[in-house]
Amino acid sequence: MCGIVGLFLKDKSLEPQLGAMLSQMLISLSDRGPDSAGIAIYGAPSKNEAKITIQSAKPERDFRGLEAELAKAIGTPVTIAVKSTHAVVRTTPAKIDEARETIQALRPDIRIMGAGDVVEIYKEVGLPEAVVDRFDVRKMTGTHGIGHTRMATESAVTTMGAHPFSTGADQCLVHNGSLSNHNNVRRELIREGMKFETENDTEVAAAYLSSQMAHGKNLGEALEGTLSDLDGFFTFVVGTKNGFGVVRDPIACKPAVMAETDQYVAFGSEYRALTKLPGIDNARVWEPEPATVYFWEH
Amino acid sequence: MPATTLSKTAAHDPRVFDLDQQSLRELNQALHNLAPGSNETAWEVLNPKGSHSVAVGVDQPVAIDVRGSVGYYCGGMNSGSTITVHGSAGPGVGENMMSGSITVKGDASQYAGATGKGGLLVIEGNASSRCGISMKGIDIVVHGNIGHMSAFMAQSGNLVVLGDAGDALGDSIYEARLFVRGKVDSLGADCIAKEMRAEHLDLLQGLLDRAGVTGVKSSEFKRYGSARTLYNFNIDNADAY
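First to last, the sequence lines map onto chains A and B.
Going by our numbering, the letters in the first sequence line up with residues 1 to 298, in that order.
Going by our numbering, the letters in the second sequence line up with residues 299 to 539, in that order.
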């Protein structure tokens, strides 16, 4: 099964509530997948700052002293905010790639969840409510976000196998379904130079979109490509720095419902996820069509 | 008589279940506890908020008004009750219905009326993909459009669509009758357009009347059904297996 949600705010006055709204949406779908949960939040851009979300199974060992060591190694101030097993590393955008490589050299057990100017990604094994509480997601503010609660079918129940998957700066994806040609597509993307962290099919979809956008396509065009290049069942919800997109495969057996008002665009695997959103009774509610790309940009 | 009217004219006030206060299991258990001839003929369900399996397996001729949108399988296996969803329905509304009727005032998601053996399912909005898949005698009337792969392997019963139908309508269909007023994106394997004879016009008019459809003539529809070429194995196709 799996449950996926997404929320793209049009009304700035809702931004302080983004974390709370998205958390509630995800928790309402807990019985669609109890294995692991994750959420990506796109916060406000901050001048001259980019961030990397990192994760460790031994956070006390790996995060201790990392701030000073990293700052010294890359010769630029760094701040690290620890949240349970995750931490957000902030530094100047020009140094972000170097910081990422240095972190992995300094602490080989640390995993990179994602990086970019605005995105933060939190995911762990466990129910959505536990994951949301652990990372204090309800207090997070932002412009848009996506979330996932997983019933694993394709690969192991681990933190790295949880969604969202991020394979490019400020890009991430959640998926309900399973892909059948992911091994072939992964091989092609590796030849292009893409790097993979897992054997998971969804990571391939994320990397496919990152690759398409790196070749100059916009989010809508990249999503269009999934319809011909990816084989299997999928409903994807995708976030980029300023965009939000949805696409379903032509068979469209994975459920999806969307709602739009003047204040937001929302996605849920089921209507249950949308029932507590403001003004939902007067929202335009519809089921996204098969093989049809929907996307919004700020 | 529509359920909304019925609940007002019932001998007793409707029995109200508020799913914000009471559990779905309490509602369904109370409905299953109904004995034949019970005076509790009118029921109202508040705050469904996308709940799954609202009023499944009801087997008494009561009227149930659901005030809001429901999730999966609303009214599944219905036997004799009259259910009205004053909102939209998630996947599998009326799945395996035996008799009675279900009216959805809004839209319905995937596989509405799947495998239904009898009764009447009316969708006043649009239905999604696989509407009436494997239907076995149910009558389905959709005021709007239906999605792709509808009436896949439909065995008997009638599917009436006032709007358009998506791709692969009636793929591998047996003896169900499909009536579509608008355009059909494509027909599935072994499904063909058929002549609309007087008996079909009468049958369709009866269905439109039962579904409360007015201002639409049965002559505006085209009929589709099985070409019956897949009924028997053809040795020339052996290589395909």
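FYI, nobody ran anything at the bench for these hints, they're computed from the structure.
There's no promise every hint is true.
Under 10 Å between C-beta atoms, here's a sample of chain B residues computed to sit facing chain A [as the list claims (entries may be wrong)]:
no. : residue
1   : 350
2   : 351
3   : 355
4   : 367
5   : 396
6   : 424
7   : 461
8   : 464
Idealized CB from N, CA, C, for every residue including glycine.
> Can you list which hints this structure breaks, lowest number first?
Replying inline: Result: hints 2, 3, 5 and 7 break, sorted rising.
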